[in-house]
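Peer 1: Going down the list, the sequences are from chains X and W.
So the first sequence is numbered by our numbering: it starts at 1 and just counts up by one.
So the second sequence is numbered by our numbering: it starts at 1 and just counts up by one.
The set of hints was computed from the structure by calculation and includes no laboratory data.
Treat the numbers as computed from the prediction; the structure is a model and nothing was measured.
Among the hints, erroneous ones may be present.
[To be verified] Below, simulated DSS-like cross-link-like pairs (lysine-lysine); rule was C-alpha separation at most 25 Å, straight line:
#	chain 1	residue 1	chain 2	residue 2
1	W	Lys3	W	Lys60
2	W	Lys38	W	Lys56
3	W	Lys30	W	Lys60
4	W	Lys3	W	Lys68
5	X	Lys34	W	Lys60
6	X	Lys40	W	Lys3
7	W	Lys38	W	Lys3
8	W	Lys3	W	Lys63
9	W	Lys60	W	Lys25
10	W	Lys25	W	Lys57
11	W	Lys60	X	Lys40
12	W	Lys30	W	Lys56
13	W	Lys56	X	Lys40
14	W	Lys68	W	Lys38
15	W	Lys30	W	Lys63
16	X	Lys40	W	Lys68
17	W	Lys3	W	Lys56
18	X	Lys34	W	Lys3
19	W	Lys63	W	Lys25
20	W	Lys25	W	Lys3
21	W	Lys63	X	Lys34
In case you want the letters, here they are:
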Amino acid sequence: LSSVSLGVEGMTCGSCVQSIEQRIGTLPGVIHIKVSLEQKNATVLFDQSHQSPESLSEAIEDMGFESSPSA
Amino acid sequence: MTKHEFEVAMTCEGCSGAVTRILNKLGDVKFEIDLPNKLVWIESDKDVDFLTETLKKCGKDVKYNGTK
Ligand SMILES: [Cu+2]
Ligand SMILES: [Cu+2]
Numbered sequence: 001l002s003s004v005s006l007g008v009e010g011m012t013c014g015s016c017v018q019s020i021e022q023r024i025g026t027l028p029g030v031i032h033i034k035v036s037l038e039q040k041n042a043t044v045l046f047d048q049s050h051q052s053p054e055s056l057s058e059a060i061e062d063m064g065f066e067s068s069p070s071a
Numbered sequence: 001m002t003k004h005e006f007e008v009a010m011t012c013e014g015c016s017g018a019v020t021r022i023l024n025k026l027g028d029v030k031f032e033i034d035l036p037n038k039l040v041w042i043e044s045d046k047d048v049d050f051l052t053e054t055l056k057k058c059g060k061d062v063k064y065n066g067t068k
């Protein structure tokens, strides 16, 4: 398993945080995700055989938020 | 072009911003967002199922209200 901190831009409140945690949290290979509104990042524990920092960041972008593979 | 009305369970500017970015990525669509009323109007020739799935990417519930 591997842990990464991704930059996330565009969230304004707790419900933004929740929708990201819910949707990204159910992706294959995602063990745990913690999103911080204040720090504008997402800390993800994941299985490298299913995900990478890039694929996770892309999934967040796909939801309409801006994300970079490093925070 | 057909103008479609969708109800998207947006609650804040983060949601409407996300919907804006998602629709902008599609390229050839014109759209309008009414955040207080949770409505999104899209002018597009793409089919409703595709547009619904696209809107759902933001993680919110989406309902199709018909053409306007
Ligand atoms: Cu929000
Ligand atoms: Cu929101």
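Peer 1: CA of Lys56/W to CA of Lys40/X, is that 25 Å or under?
Peer 2: OK: Lys56/W and Lys40/X at ~23 Å, within 25 Å.
Peer 1: Do the alpha carbons of Lys30/W and Lys63/W lie within 25 Å of each other, as the hint requires?
Peer 2: Holds, because 19 Å separates the two Cα atoms, which is no more than 25 Å.
Peer 1: Within 25 Å, alpha carbon to alpha carbon, are Lys34/X and Lys60/W?
Peer 2: holds (19 Å)
Peer 1: Does Lys63/W pair with Lys25/W here, judged by a C-alpha cut-off of 25 Å?
Peer 2: holds (21 Å)
Peer 1: Within 25 Å, alpha carbon to alpha carbon, are Lys3/W and Lys63/W?
Peer 2: Roughly 15 Å between the alpha carbons, so the hint for Lys3/W and Lys63/W holds.
Peer 1: Between Lys68/W and Lys38/W, is the straight-line Cα distance small enough, at 25 Å or below?
Peer 2: Between Lys68/W and Lys38/W the Cα gap is close to 16 Å, so the pair holds against 25 Å.
Peer 1: Checking one constraint from the list: CA of Lys34/X to CA of Lys3/W, max 25 Å. Satisfied?
Peer 2: violated (38 Å)
Peer 1: With a cut-off of 25 Å on the C-alpha distance, tell me whether Lys38/W and Lys3/W pass.
Peer 2: holds (16 Å)
Peer 1: Is Lys60/W within 25 Å of Lys25/W, Cα to Cα?
Peer 2: Given pair Lys60/W, Lys25/W holds - Cα atoms ~18 Å apart, limit 25 Å.
Peer 1: Are the Cα atoms of Lys25/W and Lys3/W separated by 25 Å or less?
Peer 2: holds (18 Å)
Peer 1: Take the C-alpha atoms of Lys30/W and Lys60/W, compute the straight-line distance between them, and say whether it is at most 25 Å.
Peer 2: holds (21 Å)
Peer 1: Under the criterion that the straight-line Cα-Cα distance not exceed 25 Å, is the pair Lys40/X, Lys68/W satisfied?
Peer 2: Given pair Lys40/X, Lys68/W is violated - Cα atoms ~38 Å apart, limit 25 Å.
Comparing the model with each earlier hint shows violations of hints 6, 16, 18, 21; every other hint is respected.
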